[in-house]
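A.B. asks: Read top to bottom, the protein sequences are chains Y and W. Note that this note's numbering has the first sequence beginning at 1, numbered continuously upward. Note that this note's numbering has the second sequence beginning at 1001, numbered continuously upward.
There could be a bad hint or two in this list.
[As the list claims (entries may be wrong)] Result set (BS3-like, lysine-lysine): computed pairs, CA atoms no more than 25 angstroms apart in a straight line: (1) W:K1256 to W:K1125; (2) W:K1415 to W:K1307; (3) W:K1200 to W:K1288; (4) W:K1142 to W:K1060; (5) Y:K132 to W:K1308; (6) W:K1142 to W:K1307; (7) W:K1200 to W:K1261; (8) Y:K90 to Y:K114; (9) W:K1307 to W:K1292; (10) W:K1060 to Y:K4; (11) W:K1401 to Y:K90; (12) W:K1032 to Y:K4; (13) W:K1307 to Y:K125; (14) Y:K117 to W:K1292; (15) Y:K90 to W:K1290; (16) W:K1025 to Y:K10; (17) W:K1401 to Y:K132; (18) W:K1535 to Y:K4; (19) Y:K132 to Y:K173; (20) Y:K214 to Y:K132.
[As the list claims (entries may be wrong)] Coverage of chain W stretches by chain Y, computed from C-beta distances (three or more under 8 angstroms per stretch; other residues unrestricted): (21) 1107-1116; (22) 1307-1317.
These are computed hints drawn from the structure, not numbers from a lab. Quick reminder that beta carbons are idealized off the backbone N, C-alpha and C, glycines included.
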Amino acid sequence: MGIKKSFGSKSVLKDATFRFEKGKIYGLLGRNGAGKTTLFNCLSDELQADEGRAILIEDGQEREILSDDLSYVFSMPILPEFLTGYEYIKFYMDINEDRIDGSKTIDDYFDQMKIDKEDRHRLIKGYSHGMKNKVQMMCFLISRPPIILLDEPLTSFDIVVALEIKKVLREIKHDHIIIFSTHILQLATDLCDEIVILSDGKLEQLDHDMLKSKDFEAKIIEMLKDEGNYD
Amino acid sequence: MINTIKIIFNIMASINANKFLYFLKRIWLIGKVIPDTIYSYLNVKGAISILVYISTQIGKFFGKAIYLLIMVVLPIMGARSLFPNLVGAEFDWAVQILFIMNCLLGSILDSQIFNVTNTKYVCIKYMNMNPRRYVLAALIIKYVPFYIYYLIYFIIAALATGGTIIEVMIFWIAYICFRLLGEALQLYIYDRTEVILCRKNLILIPLAFLAFVAAYLPMYLGLNWTLTNILLHPISLIIYLAIGAISLYYIMAGYKHYQKKLPKTLDTKYMFSEEMKKARGANFADVKLKDKDLEYTNYRQERFDNKKGYSYLNALFFNRHHRLLVKPIYNRLIAVGITFLIGVAIYLINNDLAIIISRLITGRLPIFVFIMYLITVADKACRAMFYNCDISLLRYGFYRKPKTIINNFNIRLIKISIYNIIIGGSICLAVILFNILCGTDWLNLDTLIFLIAIILLAIFFTVHHLFLYYVFQPYTTDLNIKNPFFNVINAVLYLFSWICFQIRTGSVGFVIGILIFTSLYIGVALILVYKLAPKSFRVK
Chain Y
1 MGIKKSFGSK
11 SVLKDATFRF
21 EKGKIYGLLG
31 RNGAGKTTLF
41 NCLSDELQAD
51 EGRAILIEDG
61 QEREILSDDL
71 SYVFSMPILP
81 EFLTGYEYIK
91 FYMDINEDRI
101 DGSKTIDDYF
111 DQMKIDKEDR
121 HRLIKGYSHG
131 MKNKVQMMCF
141 LISRPPIILL
151 DEPLTSFDIV
161 VALEIKKVLR
171 EIKHDHIIIF
181 STHILQLATD
191 LCDEIVILSD
201 GKLEQLDHDM
211 LKSKDFEAKI
221 IEMLKDEGNY
231 D
Chain W
1001 MINTIKIIFN
1011 IMASINANKF
1021 LYFLKRIWLI
1031 GKVIPDTIYS
1041 YLNVKGAISI
1051 LVYISTQIGK
1061 FFGKAIYLLI
1071 MVVLPIMGAR
1081 SLFPNLVGAE
1091 FDWAVQILFI
1101 MNCLLGSILD
1111 SQIFNVTNTK
1121 YVCIKYMNMN
1131 PRRYVLAALI
1141 IKYVPFYIYY
1151 LIYFIIAALA
1161 TGGTIIEVMI
1171 FWIAYICFRL
1181 LGEALQLYIY
1191 DRTEVILCRK
1201 NLILIPLAFL
1211 AFVAAYLPMY
1221 LGLNWTLTNI
1231 LLHPISLIIY
1241 LAIGAISLYY
1251 IMAGYKHYQK
1261 KLPKTLDTKY
1271 MFSEEMKKAR
1281 GANFADVKLK
1291 DKDLEYTNYR
1301 QERFDNKKGY
1311 SYLNALFFNR
1321 HHRLLVKPIY
1331 NRLIAVGITF
1341 LIGVAIYLIN
1351 NDLAIIISRL
1361 ITGRLPIFVF
1371 IMYLITVADK
1381 ACRAMFYNCD
1391 ISLLRYGFYR
1401 KPKTIINNFN
1411 IRLIKISIYN
1421 IIIGGSICLA
1431 VILFNILCGT
1441 DWLNLDTLIF
1451 LIAIILLAIF
1461 FTVHHLFLYY
1471 VFQPYTTDLN
1481 IKNPFFNVIN
1491 AVLYLFSWIC
1501 FQIRTGSVGF
1511 VIGILIFTSL
1521 YIGVALILVY
1531 KLAPKSFRVK
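Using the sequences provided together with the hints, build the complete structure.
C.D. replies: Structure representation (structure tokens):
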């Protein structure tokens, strides 16, 4: 059964069903208020779905998704501001020590994310939006969970960093299911292997051939227009 | 102008109606019946806003009666019963008191131009309404009913005490003119110095003190002299009118910088509405970290080298909260020390009294229940944990694992218990030292039970606040308190502690009751935390 979620009388997710596969980056497209963040919140157990649940199939075995299986990068990064970036990552590596790549040090991860040496030891409180997002992304590089959810993450990065992050995501995608919510069409077509549309509370995959077609944009807009969600 | 007043009324109406419906929807059972679309029923909202306005005005009307009763009627009746020579001069005294308290002090304490309300914020900040037009309209909206209500009471008071209608009218005009002067003066001072007088407590408190002394002291010394004759003299009336006219001109036309300067004065810190304050996180204002809180860690970095995971996280947390959590402990220790020194002074001055106190002290456990309630640092610690740490980390699945929640709880329980036990221990030490000083026998069962009770109370109030925090987790991401049980349980405990304070003397039964109650509460609360917190400890 798909995931259902309502807020009061407003039904946001109506039987949202989909099968995501490892090794691919999925772009989740939807209009404002379509329920992209609600879907992510239900998957990550931030919100309790009214009905339905997500299942992880690993080596042919079905099981429920546990908190360790999933890393969720919020569009508005939320981190404990009383710590420095370095301290937070040290803490995060400590609590994930049984599954981290032992050959890498804290500084290696900071280098990978191109965070200056000085900034590592500043309080997160003083970090910019983009910097906080980088710290959030370091977490999935460290814990390498099977599922990575990114809620409109690249919008806060400048073009240089955005390009780097795209590179990182492409590098790691073979070991993960990466779902990437956005309403920037170009980003979705540029980075994602598949596009999934969330419309009228349901998930629908776009035909792969359509991605390359000339009137792709027009078709997407036509599909999304039918929906009655406006902000 | 009428148009501006209309707009302001409409905005006030919308805010009030929406607020009312929002609260109605949150009420158990009733809330479920009301549809989400209720906000679109404009007729219902219109009716609600009228009802809200009428009830507010009724409140204001009777509020003034209560004010006059407390500030004028009761003090005069009190003085009259003490000093018969004041009989017959009630009207004079009423005028004098009101002149000092309302015309002089009130004009400085209160300013309609500088007060910050929800409506004002919306109109000026969000809707870009012309600040001058807003101010003038707001003055009319506030002061027209304000002065009508007062006039009614003034006339009633005059009829009851022998004043004439003319005298009442003169005083009423004086009141209006002085309020205008107050508004104009505050505006002028702000224009020249950027100081908003009605927000300067350092100036206001001494002034209020002086006003109280001037208004009531002569009367309570039995001196029957008032300046009412001068205050109500026709020449004074001319002066009032002149003051009022100049002030009114300055407010309406003389002052040119509303547009430029007034929006700067709209600091939400001074917002009157409690709801708005809460919505903006005032509950957590005292647990905000400052940059200097990090400095403390820098020279103690080596302390954290051997820590890992959650103990590392908590060590850093408590270290960075040194100013917020440890300093208050020092302050409490200093207070205990000073109290002990006062005891020593009593011993030196009046030996017998000190000995009596030392004998009684361990029998006065009920008072210490209230004291321990007041001096616990657990409440503040919980708010700091939420605001600076859990509000963000609880968004992550790894932090919500049942094992992690319990592990974290244990670390915090031990740490905060130690904080509170240090305070409780210092009280115990001070009591023992005082008994030794006075030569009172302290090596007995009573004292032992007293000491155990103090330490148990220290743990009890730690467990209590952590229990409420972990099981009810009352705070929302908007920093509001959402869970009604949290407030109810907290209020019950406060009441219990306060009643204990009133009992003053504690029998053996009371002491044993406290021992059993606190032990049971600690046990039950811990079991509930271990059972419920893994599910309940979430950001709402």
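A.B. asks: Are K1025 (chain W) and K10 (chain Y) close enough, with their CA atoms no more than 25 angstroms apart?
C.D. replies: The given pair, whose Cα atoms are some 16 angstroms apart, holds under the 25 angstroms limit.
A.B. asks: Given the hint that K132 (chain Y) pairs with K1308 (chain W), test it: the Cα-Cα distance must not exceed 25 angstroms.
C.D. replies: holds (22 angstroms)
A.B. asks: Please verify whether K214 (chain Y) and K132 (chain Y) have alpha carbons no more than 25 angstroms apart.
C.D. replies: Distance ~37 angstroms between K214 (chain Y) and K132 (chain Y) Cα, so the pair is violated.
A.B. asks: Measure nothing beyond the straight line between the CA atoms of K1415 (chain W) and K1307 (chain W); if it is 25 angstroms or shorter, mark the hint as holding.
C.D. replies: Cα-Cα ~15 angstroms, so holds.
A.B. asks: Does the stretch 1307-1317 of chain W contain three or more residues whose Cβ lies closer than 8 angstroms to a Cβ of chain Y?
C.D. replies: That given contact holds, which follows from 7 residues of the stretch 1307-1317 of chain W lying within Cβ reach (below 8 angstroms) of chain Y.
A.B. asks: Is the straight-line distance between the alpha-carbon of K132 (chain Y) and that of K173 (chain Y) 25 angstroms or less?
C.D. replies: Holds, at roughly 22 angstroms.
A.B. asks: Are the Cα positions of K90 (chain Y) and K114 (chain Y) separated by 25 angstroms at most?
C.D. replies: Holds, because 17 angstroms separates the two Cα atoms, which is no more than 25 angstroms.
A.B. asks: Please work out if K1032 (chain W) and K4 (chain Y) have their alpha carbons no farther apart than 25 angstroms.
C.D. replies: At roughly 20 angstroms apart (the allowed maximum being 25 angstroms), K4 (chain Y) and K1032 (chain W) satisfy the hint.
A.B. asks: Given the proposed pairing of K1535 (chain W) with K4 (chain Y), does the C-alpha separation stay at or below 25 angstroms?
C.D. replies: holds (21 angstroms)
A.B. asks: When you check the alpha-carbon spacing of K90 (chain Y) and K1290 (chain W), does it fall within 25 angstroms?
C.D. replies: Satisfied, since the Cα-Cα distance of roughly 23 angstroms is no more than 25 angstroms.
A.B. asks: Keeping to a limit of 25 angstroms between CA atoms, is the pair of K1060 (chain W) and K4 (chain Y) held or broken?
C.D. replies: Not OK: K1060 (chain W) and K4 (chain Y) at ~49 angstroms, beyond 25 angstroms, violated.
A.B. asks: Sort out whether K1288 (chain W) lies within 25 angstroms of K1200 (chain W), counting only the CA atoms.
C.D. replies: holds (23 angstroms)
The structure does not agree with the numbered hints 6, 10, 20, 21 stated previously, though it agrees with the rest.
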